[in-house]
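J.: Chain by chain, the residues:
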Amino acid sequence: DTGVSQNPRHKITKRGQNVTFRCDPISEHNRLYWYRQTLGQGPEFLTYFQNEAQLEKSRLLSDRFSAERPKGSFSTLEIQRTEQGDSAMYLCASSFMRGGNLVTEAFFGQGTRLTVV
Amino acid sequence: QKEVEQDPGPLSVPEGAIVSLNCTYSNSAFQYFMWYRQYSRKGPELLMYTYSSGNKEDGRFTAQVDKSSKYISLFIRDSQPSDSATYLCAMILNTNAGKSTFGDGTTLTVKP
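From first to last, the protein sequence lines are chains A and B.
This note's numbering applies: residue 1 is where the first sequence begins, and numbers increase by one.
This note's numbering applies: residue 1 is where the second sequence begins, and numbers increase by one.
Treat the hints with caution; some may be incorrect.
[What the hints assert, rightly or not] Just the calculated beta-carbon pair ranges, DEER-fashion: (1) B/Ala17 / A/Thr20: 14 to 24 Å; (2) A/Ser62 / B/Ile18: 40 to 50 Å; (3) A/Lys14 / B/Pro112: 27 to 37 Å; (4) B/Asn96 / A/Glu52: 31 to 41 Å; (5) B/Asn94 / A/Glu68: 41 to 51 Å; (6) A/Thr13 / B/Lys67: 27 to 37 Å; (7) A/Lys71 / B/Ala17: 44 to 54 Å; (8) B/Arg41 / A/Thr2: 39 to 49 Å; (9) A/Gly85 / B/Thr107: 17 to 27 Å; (10) A/Lys14 / B/Asn94: 25 to 35 Å; (11) B/Asp78 / A/Ser66: 17 to 27 Å; (12) A/Gly40 / B/Asp58: 43 to 53 Å; (13) B/Asn96 / A/Leu39: 28 to 38 Å.
These aren't lab readings, by the way, just hints derived from the structure by calculation.
Idealized CB from N, CA, C, for every residue including glycine.
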């Protein structure tokens, strides 16, 4: 296993277009997280999944954003009607939880850098 | 005011120096504290992970947590040019919590 994989690495889109990002977590990890990071800032939490269930969403995740993890493996993050303010690095992380206890710490992917023009 | 505050730097030190990086936080309920290293245009990489107050050492890195002061530190001994990166502190409430709350990072440059 080579770690958390995110695709694409870079995406340039025109304002108003829809974009979708994919995250493939470490294979045995049951938790998957999405964060957003802008220049000079730390990652900001967007949402996370335990297996296929989406357990928490940040208020940052407006109704233009939707995330899925249909089979508890890979996840997608879709942004509809993109705005220039959506330009950021979108980071995915995964971890393994057992019995409510974190067995392994969150491992991050390399991110998808979105530029909305 | 942010829950986690971190001096953005930039911090520049000569090779071999001891580096001290710090974060303060306002939520006393945080239980787990992490330090990540992030190279430019890359994802964060976990360096250290500590629970509650105390020290933890791993090679050239030492993490300290002082819950009474709501203050955490990362010390890097014998700093190397390869340590040049942005260092992010992060915290979670408990192991069942979903999200980490991050500081905005301190940019470190180690000059040869």
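J.: So, for every hint listed, does it hold in this structure?
T.: Okay, the hints, checked on the actual structure:
Separated by about 45 Å at the C-beta atoms, B/Ala17 and A/Thr20 break the suggested range of 14 to 24 Å. About 44 Å separates the C-beta atoms of A/Ser62 and B/Ile18, a value consistent with the hinted range of 40 to 50 Å. With their beta carbons about 44 Å apart, A/Lys14 and B/Pro112 fall outside the hinted range of 27 to 37 Å. Range check, B/Asn96 to A/Glu52: Cβ separation about 18 Å, and the 31 to 41 Å hint is violated.
A beta carbon spacing of about 26 Å between B/Asn94 and A/Glu68 contradicts the range 41 to 51 Å that was offered as a hint. Restraint check, A/Thr13 to B/Lys67: a C-beta distance of roughly 44 Å breaks the suggested window 27 to 37 Å. In this structure the supplied range 44 to 54 Å holds for A/Lys71 paired with B/Ala17, their Cβ-Cβ distance being about 49 Å. Checked against the given bound of 39 to 49 Å, the beta carbons of B/Arg41 and A/Thr2, roughly 19 Å apart, lie outside it.
Taking 17 to 27 Å as the suggested C-beta distance range, the pair A/Gly85 and B/Thr107 conforms, at roughly 24 Å. Hint check: A/Lys14 to B/Asn94, Cβ distance near 43 Å, so the stated range 25 to 35 Å is violated. Distance hint check for B/Asp78 and A/Ser66: the Cβ-Cβ separation is about 47 Å, which falls outside the suggested range of 17 to 27 Å. Between A/Gly40 and B/Asp58 the Cβ separation comes to about 28 Å, which falls outside the hinted range of 43 to 53 Å.
With their beta carbons about 32 Å apart, B/Asn96 and A/Leu39 fall inside the hinted range of 28 to 38 Å.
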